[in-house]
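There are 2 protein chains.
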Amino acid sequence: MISVEEARDRILVGLRPTPVELVALAEAWGRVTAAPVIARLSQPPADVCAMDGYALRAADGTGGTVLRVIGAAPAGHPFDGQVGPGEAVRLFTGSVVPAGADTILLQEDATAGEGTVRVNETVRPARHIRRAGQDFSSGEAVLPAGRRLTARDIGLAAAANHPWLTVHRCPRIAILATGDEIALPGEPVPPGGVVSSNSHALAAMVRAAGGTPIVLPVAADSPDAIAAVADAIAGVDMLVTTGGASVGDHDLVIPGLQARGLTLDFWKIAMRPGKPLLFGALGATPVLGLPGNPVSALICAILFLLPALARLSGLPATPPPTAAARLATPLAANDRRAGYLRATLATDSAGRLVATPIASQDSAMLRRLAQADALIVRPPQASALPEGSDVPVIRLDALGV
Amino acid sequence: MISVEEARDRILVGLRPTPVELVALAEAWGRVTAAPVIARLSQPPADVCAMDGYALRAADGTGGTVLRVIGAAPAGHPFDGQVGPGEAVRLFTGSVVPAGADTILLQEDATAGEGTVRVNETVRPARHIRRAGQDFSSGEAVLPAGRRLTARDIGLAAAANHPWLTVHRCPRIAILATGDEIALPGEPVPPGGVVSSNSHALAAMVRAAGGTPIVLPVAADSPDAIAAVADAIAGVDMLVTTGGASVGDHDLVIPGLQARGLTLDFWKIAMRPGKPLLFGALGATPVLGLPGNPVSALICAILFLLPALARLSGLPATPPPTAAARLATPLAANDRRAGYLRATLATDSAGRLVATPIASQDSAMLRRLAQADALIVRPPQASALPEGSDVPVIRLDALGV
Numbered sequence: 001m002i003s004v005e006e007a008r009d010r011i012l013v014g015l016r017p018t019p020v021e022l023v024a025l026a027e028a029w030g031r032v033t034a035a036p037v038i039a040r041l042s043q044p045p046a047d048v049c050a051m052d053g054y055a056l057r058a059a060d061g062t063g064g065t066v067l068r069v070i071g072a073a074p075a076g077h078p079f080d081g082q083v084g085p086g087e088a089v090r091l092f093t094g095s096v097v098p099a100g101a102d103t104i105l106l107q108e109d110a111t112a113g114e115g116t117v118r119v120n121e122t123v124r125p126a127r128h129i130r131r132a133g134q135d136f137s138s139g140e141a142v143l144p145a146g147r148r149l150t151a152r153d154i155g156l157a158a159a160a161n162h163p164w165l166t167v168h169r170c171p172r173i174a175i176l177a178t179g180d181e182i183a184l185p186g187e188p189v190p191p192g193g194v195v196s197s198n199s200h201a202l203a204a205m206v207r208a209a210g211g212t213p214i215v216l217p218v219a220a221d222s223p224d225a226i227a228a229v230a231d232a233i234a235g236v237d238m239l240v241t242t243g244g245a246s247v248g249d250h251d252l253v254i255p256g257l258q259a260r261g262l263t264l265d266f267w268k269i270a271m272r273p274g275k276p277l278l279f280g281a282l283g284a285t286p287v288l289g290l291p292g293n294p295v296s297a298l299i300c301a302i303l304f305l306l307p308a309l310a311r312l313s314g315l316p317a318t319p320p321p322t323a324a325a326r327l328a329t330p331l332a333a334n335d336r337r338a339g340y341l342r343a344t345l346a347t348d349s350a351g352r353l354v355a356t357p358i359a360s361q362d363s364a365m366l367r368r369l370a371q372a373d374a375l376i377v378r379p380p381q382a383s384a385l386p387e388g389s390d391v392p393v394i395r396l397d398a399l400g401v
Numbered sequence: 001m002i003s004v005e006e007a008r009d010r011i012l013v014g015l016r017p018t019p020v021e022l023v024a025l026a027e028a029w030g031r032v033t034a035a036p037v038i039a040r041l042s043q044p045p046a047d048v049c050a051m052d053g054y055a056l057r058a059a060d061g062t063g064g065t066v067l068r069v070i071g072a073a074p075a076g077h078p079f080d081g082q083v084g085p086g087e088a089v090r091l092f093t094g095s096v097v098p099a100g101a102d103t104i105l106l107q108e109d110a111t112a113g114e115g116t117v118r119v120n121e122t123v124r125p126a127r128h129i130r131r132a133g134q135d136f137s138s139g140e141a142v143l144p145a146g147r148r149l150t151a152r153d154i155g156l157a158a159a160a161n162h163p164w165l166t167v168h169r170c171p172r173i174a175i176l177a178t179g180d181e182i183a184l185p186g187e188p189v190p191p192g193g194v195v196s197s198n199s200h201a202l203a204a205m206v207r208a209a210g211g212t213p214i215v216l217p218v219a220a221d222s223p224d225a226i227a228a229v230a231d232a233i234a235g236v237d238m239l240v241t242t243g244g245a246s247v248g249d250h251d252l253v254i255p256g257l258q259a260r261g262l263t264l265d266f267w268k269i270a271m272r273p274g275k276p277l278l279f280g281a282l283g284a285t286p287v288l289g290l291p292g293n294p295v296s297a298l299i300c301a302i303l304f305l306l307p308a309l310a311r312l313s314g315l316p317a318t319p320p321p322t323a324a325a326r327l328a329t330p331l332a333a334n335d336r337r338a339g340y341l342r343a344t345l346a347t348d349s350a351g352r353l354v355a356t357p358i359a360s361q362d363s364a365m366l367r368r369l370a371q372a373d374a375l376i377v378r379p380p381q382a383s384a385l386p387e388g389s390d391v392p393v394i395r396l397d398a399l400g401v
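If you're matching them up, the sequences are chains A and B in order. Each residue of the first sequence is one higher than the last, beginning at 1 in the numbering used here. Each residue of the second sequence is one higher than the last, beginning at 1 in the numbering used here.
Only chain A is shown next, with the shape it has when bound in the complex (with noise of 0.2 Å):
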C-alpha cells in the first residue's frame, strides 16, 4: 500500500494538459486560458471623464466664474475642438476629456445657464479625469494562461477586444463501470442487482470539474467483456472504471485490461474508505481504477481524479483545499491508513467552521455521503483529538461535488 500523496503524485506526474482550440467570448466562461490574453486597447482609450459635469482649464475653475459652454461631449460622441479660456464643454460619464480641459467641474458643483456654466464650487486640478489606460494599456496581459474564466475575467476579455480566446479542450473522460449486478436507472433490476450510480455521479463530477464525460456501456464480469473496453477509448483523455478492481475471484478489471495491454502502476493505496485504488495505462491513455463502493468511488474521485481533471485542463494540480474547522465531537486515533470521514459544516457565533463527522462512516452510505458539506482528513497514525481541535476539512460545496 503507498500514501494518498505518493498516488496522487504518481497520477499526475505523467500527465500533460490537453491542447488547445479557438473558443467564442460567449462560450468561454469556465474553461482554462491556454495563452495569456493580451489587451488589444488601452481602457480607458483615452483621458475620460469619471462623472457627469464639465470640462474646462482649471485656471477658469474659481467660484463664481461664469464659463461659456462651447459644446456637449456623451460618451461616444467626443468634442473635436479645444476647449480654451473661459470656455467649457458638457461632459457625461465615461465622454473623452477634450483638448484643452484639463479638470472637471460636477454637474452638483455648477449651475446650467443659456449657453453657460456658473462654476459654484471653485475646481481643483486634473480631478474626476481617468486617465488613458488607467485599467489596462494596449500590449499588456490581463489575464495569464492557465487560469479558469471566471465572469469578471469574462468581462476583462471583452473590454480588451477579444471575440475568441484560446484555451485547453475539455479533457474528455470515459466512465466505465463493471459488474453483472449493476442495472441502468429505469432499466429492469436483476434479482440480488443494485442501480448503476457511480458512473452517472462520476460524469457530474467531471462536469462540475470542466470536463467532458463519455459513459461507457456497463462491461459484465468477463474479461472479453472488460478487454473489448480497449476498443472504445480512442480519443479520451483518461479511462475512469468503478467496480472489479479488488483481491476477489470476481474482480476481473485487472486480468481483463491486461489482456489489451493494461501496464499497472499501483493498486492499492493506504486510506479509508477506498484502499482498492488501480492506476495503470492502457497504450497512451491513463487508467483510473475506483472502487465499486459508491462512497469510495466518489471519495478517491475527489482526491485522485479532480486533481487529475485540473492538470488536463492547463490548471496547477493541486491537492482538494483545505479549510480549518473546529471538532464537535471527539475523534479516536487513527490507524495507518489516512481516513476522510464524512462531516456536515455550521459556522459559530465567531464566524468559525465548526464539523460534526457523520454517525455511520459506513463506505456504502450514498445517502449520509450526499448529506455531507465535508470530509475531514485524518492523516496515518493521527492522535485521538478532543472536541474543539482544529482538523483540516475538504468543503465539498466549495468542488461543486
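Please keep in mind that the hints were generated in silico from the structure rather than gathered at the bench. Note that this is a predicted model, so its numbers are computed, not measured. One should not assume that every hint holds.
Which copy? The list can't say, so a pair holds if one copy fits it or any two copies do.
What the hints assert, rightly or not - The list that follows gives simulated cross-link-like pairs (lysine to aspartate or glutamate, DMTMM-like), each with its CA atoms no further than 20 Å apart:
(1) Lys275 - Asp265
(2) Lys268 - Asp9
(3) Lys268 - Asp231
(4) Lys268 - Glu108
(5) Lys275 - Asp362
(6) Lys275 - Glu108
Got chain A; can you put chain B on it based on the hints?
Then chain B, alone, in the frame of chain A:
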C-alpha cells in the same frame, strides 16, 4: 436612497420560481429539484455482504471448524438455496446473504479447501452484513425539493432508480447594454468608444448561477431604440440592463422603457460602488437596471442578481454568503453608503483568512476586480478598523463568478 437590504427585499418579494420541466439524470447536475426525489427501491435491496467471505450460521463459526461450501454467489447472482448446519456459501462484496445464514466469515480468516472452508477465527453473529434499506428504503425522500443537485446527489438519484428528474427551468435572463459608445468585442470601435464588457460578464455570471443568458443587441442612446427592447423580452424571466440609469441628460433607459409601460420601484441605493440601481417591471417582466460602470455593474449583480437568480431557480434567496477574514491593513470609517471593497485573500499560518484591500478602489478598474478574491463588506457608518480586525467578506471564488 434605500439600503442594500431593502433593495434586495423589494427585488425578491415579487419573484417566483420558474415552472418545472423533466430532464434526464445525465443532464441534471447543477439543476434545482422541483419535487422531492422518492426512492423507488431500497438500498441495499436485501441483506448483502459487506466484504468478500463466506455466509454461514454463526453457530457453526467456531475456530477450527471445517464447513462444506455448497455454492458461490457473486454480486448479482444470488444463491437460491438455503444454508444449513455445517454449510457455507462463498460470497463477495455486495452479494445477497442467502437464507439460513446469519453472519459472514471473512476470506482472510478462512482457508479454502476442496469444496470446503476452514474457519480460522471464530465469527461473531450478524457481522459484515449490510441490512436491506440501510442506506435508504423504498418510498423515502432521498433528496428534497429546492436543492441544487451535486455530483453526489446525481449518484443518489441514480441509486434510487430515477432516470428522469423534475427540476425548475433555468431562468432566462435577457441582458441589455445601452450606449452609443459601446462596440462589440472584435467589431470596429468608434472614436471615444469602449468595447462592451458588461453584457458578456453578466451573461457568464448568469451561467455560473445556473441561468440561461440572452444577450440583446446593444441599444443606441435613443428612447425609441430602448423602447423597442420591450418587444424583445417575451418569455424571459428578468430583464437586466446596464448603463443609462443615472441622472445625466443622456441616461435614457428610464424614459425609454417608461414609454413602453415600465413601472419603477426604486432607482437609487445607498452603496458604493453602484448607487444608480434601478428596479421595476415591464408588464410582468421584472427589470433590474445595473450601473454602466463595469465594476459597479458586476458588484451590484453579485449583490442583487445572484439572489434573484436563486429565487427564480427555486432555491432559497439569501444574500451572498460571507466568511470572516482578518484585515491586513486598517480601514477608514465608512459614510452612509454600504461599501464593498475589492480585496485579495490569503491564509495565515493558523489557517485563517486574511483580506488585503486592493489599493485602487476606482470603480472603473475592471482588471483590479478580476484580480480580487473577495469583497470586504462595510456597513453604512461603520467605524474605522485597525489591522487585524475581523471583517465579513463575500468570497468571489465560492460564487464561481
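Evaluated hints:
no.	hint	in the structure
1	Lys275 - Asp265	within (15 Å within a copy, 59 Å between copies)
2	Lys268 - Asp9	within (14 Å within a copy, 54 Å between copies)
3	Lys268 - Asp231	neither (26 Å within a copy, 62 Å between copies)
4	Lys268 - Glu108	between (72 Å within a copy, 16 Å between copies)
5	Lys275 - Asp362	within (14 Å within a copy, 53 Å between copies)
6	Lys275 - Glu108	between (70 Å within a copy, 15 Å between copies)
Comparing the model with each numbered hint stated earlier shows that hint 3 is the single one that does not hold.
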